[in-house]
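**Q** This is what each chain is made of:
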Amino acid sequence: MRKLALLAVLAAVWEAYARWLANPLLFPTFSATIAALGGAIASGQLPRAVSYTLTLLLKGYVAGLVLAALLTAFASVNRIGADLLEILTSMFNPLPSIALLPIALIWFGLGENSIIFVLIHAVLWAVALNTYAGFRAVSPILRMVGQNYGLSTPGYIARILIPAAFPSILTGLKVGWAFAWRTLIAAELIFGVSSGSGGLGWYIFEQKNQLLIPNVFAGLLTVILLGLFVDNVIFKTIEKVTVRRWGMQS
Amino acid sequence: MSLLTVEGVTLQYGNGNKPVVAAHRVSFSVARSDRYIILGPSGCGKSTILKAVGGYVQPIEGTILLNGNAIRSPGPDRIFVFQEFDQLLPWKTVKENIVFALTASRKVQRREAEERAAIYIEKVNLSEFAASYPHTLSGGMKQRVAIARAMAMQPDILLMDEPFAALDALTRSKMQDELLQLCEESKFTVLFVTHSIPEAIHIGTRILLLSAHPGRVKAELNSRDADAARIQEILFDGEMTS
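One line per chain: the protein sequences are A and B, in this order. Be aware that the first sequence starts at 1, since it is given in the numbering used here, and climbs by one per residue. Be aware that the second sequence starts at 1001, since it is given in the numbering used here, and climbs by one per residue.
Incorrect hints may have been included.
[Unchecked claim] A few chain B residues that face chain A, going by a derived Cβ cut-off under 7 Å, partial list only:
id	residue
1	Ser-1027
2	Pro-1074
3	Pro-1076
4	Phe-1085
5	Asp-1086
6	Pro-1090
7	Ala-1104
8	Asp-1168
[What the hints assert, rightly or not] Just the calculated beta-carbon pair ranges, DEER-fashion:
id	chain 1	residue 1	chain 2	residue 2	range
9	A	Phe-92	B	Glu-1128	49 to 57 Å
10	A	Leu-95	B	Arg-1106	46 to 54 Å
11	A	Ala-82	B	Ala-1169	43 to 51 Å
12	A	Leu-225	B	Asp-1168	30 to 38 Å
13	A	Leu-70	B	Asp-1237	57 to 65 Å
14	B	Ser-1127	A	Ile-224	45 to 53 Å
15	A	Leu-70	B	Pro-1198	52 to 60 Å
16	B	Asp-1168	A	Asp-231	53 to 61 Å
17	A	Thr-55	B	Asn-1017	52 to 60 Å
18	A	Asp-83	B	Lys-1174	48 to 56 Å
19	B	Asn-1017	A	Arg-245	43 to 51 Å
20	B	Ala-1169	A	Leu-95	55 to 63 Å
[Stated by the list, open to error] With a Cα cut of at most 27 Å, we get these calculated DSSO-like pairs of lysine-lysine:
id	chain 1	residue 1	chain 2	residue 2
21	B	Lys-1107	B	Lys-1123
22	A	Lys-240	B	Lys-1092
23	B	Lys-1187	B	Lys-1174
24	A	Lys-236	A	Lys-174
25	B	Lys-1092	A	Lys-174
26	B	Lys-1107	B	Lys-1092
27	B	Lys-1092	A	Lys-236
28	A	Lys-3	A	Lys-208
29	B	Lys-1123	B	Lys-1092
No wet-lab data here; the hints were simulated from the structure. These numbers come from a predicted model, not from an experiment. Every residue gets a Cβ at the ideal spot worked out from N, C-alpha and C, and that includes glycine.
The task is simple: from the sequences and hints, build the whole structure.
**A** Right, here's the structure in full:
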């Protein structure tokens, strides 16, 4: 409630400042931005861009998760795999995914594949590292309890290790999502220029070229709102029905 | 015939150039419905012996036979109750913890597992908390769930590694009585490790006394004709006066 009030105050300040500035090309008013947002949604242009972006995000995210699972599995069964994971993550974690876009464009050409490649890079290391750390932190007692039931190895992993490591895995998923979302919008901004594909980043860029600044702001607002939605609704809900209910929050 | 036979078992941990011998040529046998206590000071390898019976540790010498079969790996015919409170799966409710144990080990089908879980939860007086998650329970309640879970599995032998050691004194003595009553009712065979002499005398039918560094068998007694002073004397003969 307090936060909502603060948001309203911020919107009012925005409106007042923009009116005082009276330069819609530089800084449109809040009301103009909302109107542009409504218009863009009504025209179907923004929803199309959003659905394109989210589809792409999902593809990259899922591919990243699959690779992270493989890498973690490999790291869990032998020492070389563990060392490899450690080296790779410490090498690639500091490297912003977007920096790989130029090389991805050369390797995969202009198309979805390049963006998916950088998305995988954004997701893979964070998820693999956290999952692996989570597995290693599973208490020896829980491991012994699991072994006591005579579970098969896949059963043991799926029914003991993964739930026991879930708080850590969830952290990895959240960090991976945050990286992926920022990377994707940035990649679309650069990349859309050459391919003309219709993502949210590209929408922002295109509206700027046409000097439809309220629409640019509407696009930015959409990026924020979607980000907030995933963080505060999707991940919060997952947290509530899992780690918080289990008392496993770290 | 005895249910569990431990014959000349030597155990060590820590490999490489300086392995530590935890237990040296320990032999004993447990008959059905015994409450067999392994008692000794810390460092006598009693927990390691229990883990070897559980199949988590392989002896470097000697044999461990359960019903005449050598023990090679952990299995649901020997269920462990640990001292630690985190032995319950935190992502499952009290009831689900028991149901999972029964179904994961393929002992019974889900429906029967649920019935059995309800029975054993009732036995440890936790029916109200069947749908609670472990983190909402007190330490004593968690240990009760662990005991109910182990008993619901109806294993050949229950392996208890100081299950009450982390509880306060009042809860501990209450839990000891409850365990005794449950064992009397259903004739469970229990192998129970402790360092507390009163607990050993109270719970056990037979007591194995071990010395420390490395663990060696000092004596084996019937708890009926054992008293604390005598156990103390056997365990620490001579050492106390020096």
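**Q** The structure should be examined with respect to each hint, and the outcome stated for every one.
**A** Taking the hints in turn, this is what the structure says about them:
1. For Ser-1027 (chain B), the shortest C-beta to C-beta distance to chain A is roughly 25 Å, which exceeds 7 Å, and the interface hint is violated.
2. For Pro-1074 (chain B), the suggested interface contact is upheld, since its CB lies about 4 Å from the closest CB of chain A, less than 7 Å.
3. With a cut of 7 Å, the hint placing Pro-1076 (chain B) at the interface with chain A holds, because the nearest CB-to-CB distance is about 5 Å.
4. Given the 7 Å rule on beta carbons, the hint for Phe-1085 (chain B) is violated: about 9 Å separates it from the nearest Cβ of chain A.
5. Against a cut-off of 7 Å between C-beta atoms, the interface hint on Asp-1086 (chain B) holds, since the closest Cβ of chain A lies about 6 Å away.
6. Using the Cβ-Cβ criterion of 7 Å, the hint placing Pro-1090 (chain B) at the interface with chain A is satisfied: the shortest such distance is roughly 5 Å.
7. Using the Cβ-Cβ criterion of 7 Å, the hint placing Ala-1104 (chain B) at the interface with chain A is satisfied: the shortest such distance is roughly 4 Å.
8. A least Cβ separation of about 21 Å between Asp-1168 (chain B) and chain A goes past the 7 Å threshold, and the interface hint is therefore violated.
9. A hinted range of 49 to 57 Å holds for the C-beta pair Phe-92 (chain A) and Glu-1128 (chain B), which are about 51 Å apart.
10. As the Cβ distance of Leu-95 (chain A) to Arg-1106 (chain B) is approximately 47 Å, the hint placing it in 46 to 54 Å holds.
11. Distance hint check: the CB atoms of Ala-82 (chain A) and Ala-1169 (chain B) are about 44 Å apart, consistent with the given range 43 to 51 Å.
12. Under the hint 30 to 38 Å, the C-beta atoms of Leu-225 (chain A) and Asp-1168 (chain B), about 52 Å apart, miss the expected range.
13. Separation of Leu-70 (chain A) from Asp-1237 (chain B) is about 60 Å and conforms to the stated range, judged on CB atoms against 57 to 65 Å.
14. Against the hinted window of 45 to 53 Å, the Cβ-Cβ separation of Ser-1127 (chain B) and Ile-224 (chain A) comes to about 50 Å, which satisfies the hint.
15. Between Leu-70 (chain A) and Pro-1198 (chain B) the beta carbons are some 54 Å apart, a value that agrees with the proposed interval 52 to 60 Å.
16. Against the hinted window of 53 to 61 Å, the Cβ-Cβ separation of Asp-1168 (chain B) and Asp-231 (chain A) comes to about 42 Å, which falls outside the hint.
17. For the pair Thr-55 (chain A) and Asn-1017 (chain B), the supplied restraint of 52 to 60 Å holds, since their beta-carbon distance comes to about 59 Å.
18. The hinted window of 48 to 56 Å between Asp-83 (chain A) and Lys-1174 (chain B) holds, with their beta carbons roughly 50 Å apart.
19. Taken as a hint, the range 43 to 51 Å holds for the pair Asn-1017 (chain B) and Arg-245 (chain A), whose Cβ atoms sit roughly 48 Å apart.
20. Take Ala-1169 (chain B) and Leu-95 (chain A): their Cβ atoms lie about 57 Å apart, and the range 55 to 63 Å holds.
21. About 20 Å separates the Cα atoms of Lys-1107 (chain B) and Lys-1123 (chain B), which keeps this hinted pair within 27 Å; it holds.
22. Distance hint between Lys-240 (chain A) and Lys-1092 (chain B) is fulfilled; the C-alpha atoms sit about 15 Å from each other, no more than 27 Å.
23. Taking the CA atoms of Lys-1187 (chain B) and Lys-1174 (chain B), the gap is near 20 Å; set against the 27 Å cutoff, the hint holds.
24. Only pairs whose Cα atoms come within 27 Å are accepted, and Lys-236 (chain A) paired with Lys-174 (chain A) is accepted, the gap being roughly 10 Å.
25. At most 27 Å may separate the alpha-carbon atoms for a hinted pair to count; Lys-1092 (chain B) and Lys-174 (chain A) meet this at roughly 23 Å.
26. Under the criterion of a C-alpha separation no larger than 27 Å, the hint pairing Lys-1107 (chain B) with Lys-1092 (chain B) is consistent with the structure, at around 19 Å.
27. A distance of roughly 20 Å separates the Cα atoms of Lys-1092 (chain B) and Lys-236 (chain A); the hinted pair therefore holds under the 27 Å criterion.
28. Between Lys-3 (chain A) and Lys-208 (chain A), the direct Cα distance comes to roughly 31 Å. Violation of the 27 Å bound is thereby established for this hinted pair.
29. With a CA separation close to 20 Å, the supplied pair Lys-1123 (chain B) and Lys-1092 (chain B) stays within the 27 Å bound.
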